[in-house]
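Asker: Sequence:
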Amino acid sequence: MFVTFKTFLLIAALIGRVSQANAKDVQVQQPCPQIQIESTEKIDLSKTEHKWICGDNESHAWKQVPAWQAQLFLKSFLQQRAFHQPQFEIRDNTLFVKTGPQTYLKKWTFENAPLGFHAEKRRKLKGRPLTPELLDEVEAWSKAHLQNLGYPCPEVHIQAMPLEESVTVTLIPGELYNFPTTDVEVRGTQQQLSIGRYSAFLPGQKFDARLLQLTSNRMLLDEYHLSAYFETQCTSGAELKIVPRLVTGDPQLISAGVGFNTEVGAIAQIRYKQSQLDSSGSTFESKLFLSFIEQTWDNAFQLYGGPPYKDRTFWSPQLNLKNELEDQYQSFTAELGLEWGLTKEFDDFTSRFQLGPFYTYNNVVRDSSNTVLLSATSNVELYLQSHDYEYYMGEPRSGWQLSSNLRSAYENLGADQTFHQWLYQQQNLWNFNLWDPPLMVFGWRFKAGTFFMSDDSQFFSVVPENLRFYLGGDGTLRGFSRKQIPLSQLGSATFIYQGFELRAGDVFPFKLQPFVFLDMGWESSQIFTLSRTLYYSPGLGLRWPSFLGPIRASLSQGQILFADNVDVEPHWQFYLSLGREF
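In the numbering used here, the protein residues as written are 1 to 582.
Check the hints yourself; a few may be wrong.
[As the list claims (entries may be wrong)] Lysine to any residue pairs mimicking SDA-like chemistry, simulated, CA-CA at most 25 Å apart:
1) Lys287 / Ser351
2) Lys344 / Val26
3) Lys447 / Thr343
4) Lys344 / Asn323
5) Lys143 / Val26
6) Lys47 / Pro132
7) Lys447 / Ser531
8) Lys344 / Ser378
9) Lys511 / Thr131
10) Lys287 / Tyr383
11) Lys447 / Leu382
12) Lys447 / Ser481
13) Lys124 / Pro514
14) Lys98 / Val156
15) Lys287 / Ser316
In short, the hints are calculated from the structure, not lab data. Here the structure is a predicted model, which means the values were calculated and not measured.
Build the full structure now, drawing on both the sequences and the hints.
Answerer: Structure representation (structure tokens):
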């Protein structure tokens with residue numbers, strides 16, 4: 001079969017169009033009459049750069065720039081944009097420039113990397129323009145990574161080879177160090193302060209710069225310090241000197257914020273804090289939270305003793321008020337109590353333990369009934385959190401946290417029958433393959449709760465509605481409405497919930513992070529018993545780390561397996577929140 005002449009011309013024209021589309025057109029730019037630039041990319045010069053190569057009419061000394069001097073400046077400006085092979089020619093006092101192609105990083109090598117460095121885990125380098133900014137980023141990452149591995153004073157040398165489109169990073173880790181075996185102190189003009197209360201590291205522990213950063217973060221969260229950071233000084237004899245640099249502020253702070261989520265509507269919070277009640281660093285905080293469904297007013301002291309900011313044990317007198325306007329019930333609770341607490345640091349995690357008595361007034365209105373609990377109660381709580389979970393709190397990627405809480409009311413002190421409410425919560429995050437920045441993050445959260453009482457047949461008559469368990473909402477089953485489960489709306493005596501979530505890391509433009517999830521839950525109206533009915537909700541969502549805080553949106557549908565006299569009409573449930581994480 002022969003190809004006609006017209007067909008041949010058509011094919012040739014198509015090939016020409018494809019070739020033209022694949023080849024970038026050369027643009028000719030003239031930032032000023034005496035300079036002409038040929039490039040496949042548009043060269044956007046800043047106002048300052050424009051003045052340096054074209055002159056400044058407002059400056060007598062800089063009105064005219066010689067072509068040779070403009071060439072020196074322009075060569076530097078082009079290198080900052082990854083044009084490393086420019087060609088210059090001066091003719092008739094005019095500078096002609098051909099930028100050549102941009103250089104992109106295709107290969108990088110780390111030399112003398114210590115054990116555990118794992119340079120192959122670093123993402124988002126290949127294919128980026130080879131600019132000084134990229135080299136600075138690689139240098140900063142290399143130093144930080146070495147400091148996290150126990151080398152507080154490393155040296156990093158970078159050699160870029162534009163013609164080979166490669167970078168060689170030479171690492172000089174230096175000596176391994178441990179943290180000082182004595183408490184790090186701040187010596188001021190009037191008093192000597194300890195950072196023991198905030199310290200995320202133990203004396204003699206292997207050095208890790210992230211633990212210093214955690215210590216700084218804790219000092220800033222205490223809100224008495226406006227600035228807090230640490231300088232490390234390596235000395236002979238494998239001794240490390242840590243010098244705190246602190247700037248204190250006003251001990252009194254008033255703050256306010258507003259927000260919104262689809263579960264409780266508009267949110268407002270007003271907070272007052274006095275961060276230095278005495279020389280030991282005792283504090284007082286009053287926090288008012290308002291939404292259409294829930295309003296709370298919490299007031300608590302944290303009273304310390306001993307040298308300034310050293311002791312980690314405290315007493316906490318408290319007055320807490322809470323009002324709830326749920327679909328299932330309306331309640332008002334007032335608690336007056338005193339807790340003893342202790343925080344303690346371990347190699348990889350921090351802990352907090354609190355316990356103490358309260359006197360509780362609890363008034364619950366449901367339909368036409370009204371139940372009042374006026375009793376002495378107690379609270380025991382244990383909270384654990386890994387250092388990496390705390391370190392990456394702003395952009396969660398790894399680590400774990402868990403809490404166990406036991407609240408009790410007593411028969412001889414006001415309750416109709418002694419009962420104990422136990423609630424356990426845990427979250428775990430895994431950075432898939434330990435990529436940096438993360439490629440994918442897998443999350444698992446687990447909650448379980450039940451009651452202890454001598455006569456469980458009296459559960460619904462003894463335990464108020466607002467102390468029972470409910471499932472459904474953004475915090476548990478995202479395919480169901482807030483506290484929709486159990487359908488009787490009477491609450492549960494026992495429940496188990498777990499949720500799985502797989503979220504994209506730094507992959508998509510604009511830092512958008514899509515995720516998929518599956519929530520599952522079981523409940524029962526009996527103590528230490530679970531019905532076989534499984535409530536589950538698969539769904540998908542999107543996370544965006546905005547400058548106001550993380551914004552999360554999810555869409556899911558609740559489903560039921562092994563339904564025992566349970567009938568739920570499936571519906572799509574949408575949640576939108578600001579500030580909430582997995």
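Asker: Between Lys124 and Pro514, does the CA-CA distance stay at or below 25 Å?
Answerer: Roughly 19 Å between the alpha carbons, so the hint for Lys124 and Pro514 holds.
Asker: Within 25 Å, alpha carbon to alpha carbon, are Lys447 and Thr343?
Answerer: holds (23 Å)
Asker: Below or equal to 25 Å on CA atoms is what counts here, so check Lys344 against Val26.
Answerer: violated (65 Å)
Asker: Assess, step by step, whether the Cα of Lys447 is no farther than 25 Å from the Cα of Ser531, and give holds or violated.
Answerer: holds (16 Å)
Asker: Taken at face value, is the distance from the CA of Val156 to the CA of Lys98 at most 25 Å?
Answerer: violated (34 Å)
Asker: Given the hinted pair Lys511 and Thr131, is their Cα-Cα distance within 25 Å?
Answerer: holds (22 Å)
Asker: Quickly compare the C-alpha distance for Lys47 and Pro132 to 25 Å and report which way the hint goes.
Answerer: The hint holds at about 20 Å.
Asker: Holds or violated: are the alpha carbons of Lys344 and Asn323 at most 25 Å from each other?
Answerer: violated (33 Å)
Asker: Against the 25 Å threshold, does the CA-CA distance of Lys143 and Val26 hold or violate the hint?
Answerer: Violated. Lys143 to Val26 sits at ~40 Å, over the 25 Å cutoff.
Asker: Are Lys344 and Ser378 close enough, with their CA atoms no more than 25 Å apart?
Answerer: Satisfied, since the Cα-Cα distance of roughly 22 Å is no more than 25 Å.
Asker: Against the 25 Å threshold, does the CA-CA distance of Lys447 and Ser481 hold or violate the hint?
Answerer: holds (18 Å)
Asker: Hinted pair, alpha-carbon criterion (25 Å max): Lys447, Leu382. Please report holds or violated.
Answerer: holds (15 Å)
The structure does not agree with the numbered hints 2, 4, 5 and 14 stated previously, though it agrees with the rest.
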